[in-house]
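> Residue-level listing of the chains:
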Amino acid sequence: MTHIPGLLDTEAIRKDFPILDRVLHDGKKLVYLDNAATSQKPRQVLDVINEYYEQHNANVHRGVHVLAEEATALYEGARDKIAAFVNAPSRDEVIFTKNASEALNLVANMLGWADEPYRVDHDTEIVITEMEHHSNIVPWQLLAQRTGAKLKWFGLTDDGRLDLSNIEQVITEKTKVVSFVLVSNILGTVNPVEAIVRRAQEVGALVVVDASQAAPHMPLDVQALQADFVAFTGHKMCGPDGIGVLWGRQELLEDLPPFLGGGEMIETVSMHSSTYAPAPHKFEAGTPPIAQAIGLGAAVDYLTSIGMDKIARHEHAITQYAIQRLQEVPDLRLIGPTTAEDRGAAISFTLGDIHPHDVGQVLDEQGIAVRVGHHCARPVCLRYGIPATTRASFYLYSTPGEVDALVEGLEHVRNFFG
Amino acid sequence: MYQDVILDHYKHPHGRGLRDGDAEVHHVNPTCGDEITLRVRLSGETIEDVSYEGQGCSISQASASVLNDLLVGKELDDARRIQETFLELMQSKGKVEPDDAMEEVLEDAVAFAGVSKYPARVKCALLSWMAWKDATAQALGEHPESTRKTV
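In the order they appear, the protein sequences are chains V and U. This note's numbering applies: residue 4 is where the first sequence begins, and numbers increase by one. This note's numbering applies: residue 51 is where the second sequence begins, and numbers increase by one.
Keep in mind that the hints are not guaranteed to be accurate.
[Stated by the list, open to error] Dumping the calculated DSSO-like pairs for lysine-lysine here, alpha-carbon to alpha-carbon at most 30 angstroms:
#, chain 1, residue 1, chain 2, residue 2
1, U, K61, V, K31
2, U, K145, V, K31
3, V, K32, U, K145
Simulated from the structure, these hints should not be mistaken for laboratory data.
Just chain U, same shape as in the assembly (with noise of 0.2 angstroms):
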């Protein structure tokens, strides 16, 4: 489970350490501990970034840092379907080998296929792709009451 690409990320985070944003919000798994804070700026219907801070295992600091990499940039339908893409691929319990079509749109993020095989690490790396879907949708006034939540 512990592909190169995930230790490259957790050694070498990209986008780390939080930067002005629109929305924010605390995201945590109560069943280890790992925590997230996280923030999203748009522009428009493009995300102009996503910057992060927390604690937690490889598996989450990691996957934090793949979305950094995937998301911004991104226009924000593209980003629901990545985001759409992974939940996929970290739910299928180890079944789903991704294809070219998934790696295309999952770029560095199916190194994660393999944690899908272990139910206690899914929510890790779930952990910052729920918290962005949460701060996107606070930043686009859709739930505004919603500063903590744990997935």
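The following block holds chain V by itself, in its conformation from the complex (with noise of 0.2 angstroms):
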């Protein structure tokens, strides 16, 4: 095989990923290309969750017995370890969500229900884009139809990337928050934050950035980013599912209202009127997921250990490599930026008029898992004209053995349905 510069040592790295070994399908070994769905965890996660449950279990921020104060800790130290690995001013700017579709739904709730001179209403405008996820359009829209604000956003370029030519009529004096995508789910672009936060900065508009396939892949600083709120998931970045964060600037959440109401997020309560906990309590309604707050310390500590920037090379090395590889393909369409500059390892294509479905399905048989369908961000498909796309997504693990894998199973399924 060619050598490519920039490989992480994936021979180590893949030991610590016992799923990786599994055997489907009658001896074929999983190629897992899902990537961008969801992460696998390494053991370093999984002891850390099992260990929690077996050593430390308690509710948090109650009780004075030692378990209390040992799963206490734990929970709050997960917080600093984010806090360092997202580069937070303040570990209290760091709200633990059930994943990345609540943190953004935080976001438009507090908006709708804020005093000024954030609140959304009928005068403002939020401004999206066509390549979000649809856990960065529907809360929008629901806060849209709630409050009469006007909905905009910002079109697509036919090689996939925003089209910013008109972003001076996009975002205006009426935009109240401008809510994007960092890296495209599905179409892996990396989207040019500057550009938009200046534009949105002229206007006083808050910026909100979905980072659920940023995160997991290269180094996340919400200092250098200069956006007000940034939302992201555990689950893609070797951390366990049902946890996710919502990191805000900390004059925001002082004045901003609370979403959810419940146990922990109070101060005082009486059955007249509440007062509320500062932040991030005060957006922590009820038990936290604490065993998966704690589980997303240890996959930080896992990805640091590593280092995000090699993390990056690595996939930045892959991407590059199978965007050549699969250019070979006969009849095979990239729907998204055609080489890795400014681009994420999540690649989706389409395979002549072969249905993704299928794709997927013989792609399966081989063992080779990847994602099939419109990845949650159908205005997308519809922007290009497709009714779906097959999408292999590369990770730290990912080797370029596995981009030859998929090349060929794709010689296998051209073969089927020719």
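Hey, can you piece these two chains together into the complex? The hints should help.
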């Protein structure tokens, strides 16, 4: 095999992921290329979760007994780790949620209930993009419907980038909030944050960044982004499911109203009214996903020990190789940027007239796991006039050999349906 | 799961294209984007035609073709029995081994038995059959308000 510079020692890394040893369908080695949907979990994370339940399990922030104190220290310790991972100025800016969708819904609801100057109402505008995941479309549609605000969006260019040519017409003095994806889950595009943030700041709009496909794959610095809110999810970055993160600027979290009410988010409660705990607890009503947060802390430790810059370099090399190899497959059309520049490791494509479901099924018979469908980004499929795509997405444990297996698998698919 | 019968129907669909009908429905499978527009033409209790246009995977397209083969020319009671038998087979999770009696009712459609083991694909196979059931009910004036439905 040709030498590809920038790759990680995947032989060593793969030993941390027990599931990657699975053999499927009578002897086919698992080739897991569905990392944009969810990543696999290393033993280091699984062990921490197990140990938490076996040794420390208790509810947090309540009891005075040993287990309660240990559980609270572990849970809040995870918050510290995540704050450091995204370079947050303060740990109190890290809010645990169920997933990125909940984080984005939380922001939309804060803004719907907020007082001036943040309040989104019928005189104001919300801006998103055509390449958003449904989780960054629907909460804003709901907010627009409930408040009468106008929802606007950036369109896409033919090569899978944001069309910012009309940025001054899209983001205007009426814009209250601009919410966009940092790395597209379907196109792989890495978006130009700086240009969008600059325009949003000019008009005084808040900036929300959906970093679900960025946090797992590249160094994420919320201060460098200059966003007001950043959302991501744990299960795509070697952590468990059931845990997501909303980072928000402290003064905003102080000013904005809570959304979900319940235990833990209060200061005092009477039958007439309540006062609220300071952030982040103000936004974490009820018993939180404790083991999941601790597991995400372990995932962040794991990723940091390997190095996010090294992971980004590895994925860039794999992406470059995959794009080159996939373009050798006859009738294959890439949906998204056709170079690895400003591009993440999710690669969508169509294969002639063969429906992605059939592509995915025949690949599965060879042990290759890909995602098929519209990837919760149906407007992108509509934009490019296709019903669905097949998507291969890579991670720190992906190898050039797995790219080769995919290309061979696609040849088999073509012969099968040809 | 990809029996030759299924691939044949996929590559050479029977009765494809929209023709005159007494009712038309449009059904979609939101998980994968399979779509079908289907028309039914009845003459009394006899199914004169089932015509359709759609896009989707081989399973959904082949299933529509098999449906056309099986149902056109049948009396409604017989057609309903076929539809119910197919539904039973598809909901069997791979546990029903089609016997001679079932094969007599379903003919080519028994080739879909293997699909029933894949929960994600059962909806693909049932798309046209649910559309037919809906269109027939509309043609008979049973619930005229329904125009778009998902399975």
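> Assess, step by step, whether the Cα of K61 of chain U is no farther than 30 angstroms from the Cα of K31 of chain V, and give holds or violated.
The hint holds at about 29 angstroms.
> Mind checking the alpha carbons of K32 of chain V and K145 of chain U for me, to see if they're no more than 30 angstroms apart?
holds (27 angstroms)
> Given the hint that K145 of chain U pairs with K31 of chain V, does the C-alpha gap stay at or below 30 angstroms?
holds (24 angstroms)
Violated hints for the displayed structure: none, as all numbered hints are satisfied.
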